[in-house]
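A.B. asks: If you want the building blocks of each chain, they are given just below.
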Amino acid sequence: MSKVSNYKIALSAIVPLILLAIVIAFLMGPGTNFLEFGIVLPEIHLEQIDFVDGEIQVIVRNTGPIDVNIAVADVNDRIQPAAIEPDNHLSKFETALVRIPYDWNEGQPYSIGLTTDDGTRFEKSVDAASLRLEVNTELIGYLGLIGFLIGIVPIMIGLLWFSFIQKLGSSKYRFFLAFTVGLLLFLAFDAIEEASEISQSHLSDIFNGQLLIATVVILSFLILFSIGNSLVKKSQFSKISKPLAISLMIAVGIGFHNFGEGLAVGAAIALGQVALSTFLIVGFAIHNTTEGFAIAAPMARTKAMILRLVGLGLVAGTPAIFGTWIGGFSYSPFSTVVFLSIGAGAIFQVVVSIIQYIREENENTLSNTSIILGIGLGLVVMYLTSIFI
Amino acid sequence: MFMILTSVAVISALYFVIPAVTDAAVEPKTFLTHTGLAIQTTGDVIDPIGYTGETLEFDPESYLREFDYGTVSELEDGTILREFTITARDDQVMEVSPGVFYNVWTFNGSVPGPTIRATEGDLVRVHFSNEGSKSHTMHFHGIHKAEMDGVFENVGPGGKFIYEFLAEPVGLHLYHCHVHPVEEHIAHGLYGAYIVDPKEGRVSADELVFILNGLDTDFDGENNFYGANTVPFYYQHHPVEISTNELIRAYVVNILEFDPVNNFHLHGTLFHHYPAGTDTVPSGFNDMLTMSQGEREIIEFEYKYPGLYMFHAHNTEFSEKGWVGSFLVKDSEKNYSDEN
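Same order as they appear, the protein sequences are chains E and Z. So in this note's numbering, spot 301 of the first sequence is number 1009, and the numbers just go up one at a time. So in this note's numbering, spot 338 of the second sequence is number 1501, and the numbers just go up one at a time.
Calculated directly from the structure, the hints in this document are not laboratory data. These numbers were taken from a predicted model, which means no experiment stands behind them. There could be a bad hint or two in this list.
Over 10 Å on every C-beta distance to chain E, these chain Z residues come out as not near it, computed from the model [what the hints assert, rightly or not]:
| # | residue |
| --- | --- |
| 1 | ILE1212 |
| 2 | GLU1229 |
| 3 | ASP1253 |
| 4 | SER1260 |
| 5 | HIS1304 |
| 6 | LYS1362 |
| 7 | GLU1465 |
| 8 | TYR1472 |
| 9 | GLY1485 |
With a straight-line Cα cutoff of 20 Å, these simulated EDC-like cross-link-like pairs (lysine to aspartate or glutamate) come out [claimed, not checked]:
| # | chain 1 | residue 1 | chain 2 | residue 2 |
| --- | --- | --- | --- | --- |
| 10 | E | LYS800 | E | ASP825 |
| 11 | Z | LYS1493 | Z | GLU1409 |
| 12 | E | LYS832 | Z | GLU1409 |
| 13 | Z | LYS1467 | Z | ASP1379 |
| 14 | E | LYS832 | Z | GLU1385 |
| 15 | E | LYS880 | E | GLU755 |
| 16 | Z | LYS1192 | E | GLU763 |
| 17 | E | LYS832 | Z | ASP1383 |
| 18 | E | LYS875 | E | GLU802 |
| 19 | E | LYS832 | E | GLU814 |
| 20 | Z | LYS1308 | Z | GLU1246 |
| 21 | E | LYS800 | Z | ASP1207 |
| 22 | E | LYS941 | E | GLU814 |
| 23 | Z | LYS1192 | E | ASP761 |
| 24 | E | LYS875 | E | GLU793 |
| 25 | Z | LYS1192 | E | GLU901 |
| 26 | Z | LYS1192 | Z | GLU1220 |
| 27 | Z | LYS1192 | E | GLU793 |
| 28 | E | LYS800 | E | GLU751 |
| 29 | Z | LYS1308 | Z | GLU1294 |
| 30 | E | LYS832 | Z | GLU1480 |
Covered stretches of chain E (in silico footprint by chain Z; criterion: 3 or more residues with CB under 8 Å from a CB of chain Z, positions within the stretch not fixed) [to be verified]:
| # | stretch |
| --- | --- |
| 31 | 728 to 736 |
| 32 | 785 to 797 |
| 33 | 809 to 820 |
From the three backbone atoms N, C-alpha and C, an ideal C-beta is built for every residue, glycine too.
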């Protein structure tokens, strides 16, 4: 190909972009008032409320189309003096920290309000005030132990089913592989549901929570799908067996998922929701045993290698510990939504891998009673254990 | 390709998650609240209660003791004629509390409007003109002919009207716009006090006007701010200076919208109160005054001891949203001896 034609190709790619830029400049550029009609209302969102010693702290974001100034802060609709850092002017998307000196009471509900310069009041409520957790070794140990209990311990227990699955005939084995598919599908939908709940109650509308979830789920699926494929391909030429590659992908997917679960538990502890966090911890512990099973199933046709199984268990379970720490010390609804969605995408990828594997094992078809029964039962079992959460 | 997409996603995610880095003042300052809590901050302080900045557009300090007696002339029959010029507007945006801007509707450019004052039997003539974009009127409480009631004769944009009536009865009354929806016209600020003095006059006193009002700045049917003479917390950061053993006469008018009852509580002394100021015998000796919408009372009191005394709504929701102030009582004897 000559240089001239390359140049032409590049030009033909760029010209539409330039034209689009001109159109945008015409619509929105400086000095144009083409789109200035209608009423523009300011909007702010109180993203996070923390209770520290003698002070209530609020992180506020300008989620509206115009700059705003914060003029008044209130606690329970009673005006309070406050400091606002770095300053009271918020550009579009900018955040600020509002510090309200206040002698708050443990366990009491509060609603915090901020009024913008046009006199509009925005508020956010907290069910029960509790002191923000401060990082110290004792708490790191405590949260780490909880992460260990919800992540690693139940997965290791679940892996003990390995020798049971190993002894099964091929039809029953297919059933349990399909059962794993059911478990994982449920986990993925569970993660999406939780992510959308968090985005609805904690993320402001400008983040487009539902679309964020869809985007991240699909992206993570695609990325892990390509990594998984290359891993499985490599397994044909190396020591890593195909079942191990699939188990590893399952472990990675579940690891992302457990990271999200860890965030939820850590956040519940940090928010002082003792009843909720107890439920979450017990629930996840029961629920996650099935994850160990899911990791073990594809490996059951290979030789038992305890270290490999333990390694896979750690890959899947350890993220729960990090999740608990991060959720406990600096909870961010945005990153929780992102991680739950990555987890869901990862699990969908794993589901596809296992289904391919079952098809190969089952003469290229999925229409087999044990497979259909397995998937269905997997979903039902997960639904039943999910009631504990 | 996937790596590019991921990095774009991650970078844009960080953009949202990490707060924008802004230049901050390096020197932290200590900020002490009215309740004695102190914090160190490098940011801005938003404190309408302990406000120390410049006086806002409307000055409750001067409004407190400002009476409009009108342009006085004598008619042939000896009657005193008091002529007032009042202009209504509805386009002003005023800083009603530090940093809060609200579209006020005004008589003569302020909320509340001027305190109109006449003596019993005077002829009051109000040259009213409407420079607003909506219809407005002036409805006076008191005794007058039906066509002077400012209810059925809406004055349209650019229109004029002359209200004329004899000042009666003696007392503390009010005036406000009576165009439908009246709640909206009052809530935006179209009201003021109207005082009719007895012919023989009242005992000399330090006279003050308190219009108890509120501001619904986000139009949700609830007041965001309460106050005496509009600006929330004003007399808290600028106490009203008075003297011991001097008679204080306060004209208290409740023009609050949305809340059916308002009240006035005085610290450190009690007052005699006269409902609507129409009687010469006080209705009681109290430190609490409870008024429904449109009610008003004249109160008279003295302070025995110097010092800082609060006055506020005993409905503490109102006081913690601005309807609170203080009297700084100075020792009159000490002042006297200082001067000599």
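A.B. asks: Indicate, hint by hint, whether the structure satisfies it.
C.D. replies: Results of checking the hints against the structure:
no., hint, verdict
1, ILE1212, "violated (6 Å)"
2, GLU1229, "holds (26 Å)"
3, ASP1253, "holds (16 Å)"
4, SER1260, "violated (7 Å)"
5, HIS1304, "holds (29 Å)"
6, LYS1362, "holds (45 Å)"
7, GLU1465, "holds (32 Å)"
8, TYR1472, "holds (21 Å)"
9, GLY1485, "violated (7 Å)"
10, LYS800/E - ASP825/E, "holds (15 Å)"
11, LYS1493/Z - GLU1409/Z, "holds (10 Å)"
12, LYS832/E - GLU1409/Z, "violated (49 Å)"
13, LYS1467/Z - ASP1379/Z, "violated (38 Å)"
14, LYS832/E - GLU1385/Z, "holds (18 Å)"
15, LYS880/E - GLU755/E, "violated (50 Å)"
16, LYS1192/Z - GLU763/E, "holds (16 Å)"
17, LYS832/E - ASP1383/Z, "holds (17 Å)"
18, LYS875/E - GLU802/E, "violated (60 Å)"
19, LYS832/E - GLU814/E, "holds (18 Å)"
20, LYS1308/Z - GLU1246/Z, "holds (18 Å)"
21, LYS800/E - ASP1207/Z, "holds (19 Å)"
22, LYS941/E - GLU814/E, "violated (57 Å)"
23, LYS1192/Z - ASP761/E, "holds (19 Å)"
24, LYS875/E - GLU793/E, "violated (64 Å)"
25, LYS1192/Z - GLU901/E, "violated (46 Å)"
26, LYS1192/Z - GLU1220/Z, "violated (28 Å)"
27, LYS1192/Z - GLU793/E, "holds (12 Å)"
28, LYS800/E - GLU751/E, "holds (10 Å)"
29, LYS1308/Z - GLU1294/Z, "violated (25 Å)"
30, LYS832/E - GLU1480/Z, "holds (19 Å)"
31, 728 to 736, "violated (count 0)"
32, 785 to 797, "holds (count 12)"
33, 809 to 820, "holds (count 3)"
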